Amino acid sequence: MEILSEQELHNLAMNVVGKDLEAKGFEFIAVNSKLKKDPQFVCLKNKKLHFVVVKAVLYPENPKEFDVVYMEIMREHALKFKARTYYAGVGIANAENYEEPVVRDRNYVINYDGIQEIV
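Here the working numbering is used: the first residue of the sequence shown is 1, the next is one more, and so on.
In case anyone wonders, no lab produced these hints; they're calculated from the structure. Just so you know, not all the hints are guaranteed correct.
Straight-line C-alpha distance at most 25 Å; calculated PhoX-like pairs for lysine-lysine [as the list claims (entries may be wrong)]:
hint	residue 1	residue 2
1	K55	K37
2	K34	K24
3	K80	K37
4	K19	K55
5	K47	K82
In this text the structure is predicted, and so the values were computed from the model without any measurement.
Let's have the full structure, built from the sequences with the hints guiding it.
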């Protein structure tokens, strides 16, 4: 049993959010899947710039909760580019037992309610 690394969990979260943004009509300008490099997505929609910060969150943490101070710093950075800022928390858990780590080639569950605008 091989436990997924932090980068692999982050990539899973990126895929979930990327598909959601695409379905909502966002056009990708830049995508950065490296850990600790924010924002992960720089997008255009309706000729407006959007910064999206993606975070993979393991059970039992709440994927909707974010670091308010950090996201305010990101929002101030985005404002310099006249961009809107969003947080996308993606909860990931082992499907067979939420208390167990997420492992390669085993089922997992996703808890994702979409992007949250930081205003």
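Now the hints, each set against the structure:
| no. | hint | verdict |
| --- | --- | --- |
| 1 | K55 / K37 | holds, 11 Å |
| 2 | K34 / K24 | holds, 23 Å |
| 3 | K80 / K37 | holds, 18 Å |
| 4 | K19 / K55 | holds, 15 Å |
| 5 | K47 / K82 | holds, 11 Å |
In this structure, every one of the numbered hints holds.
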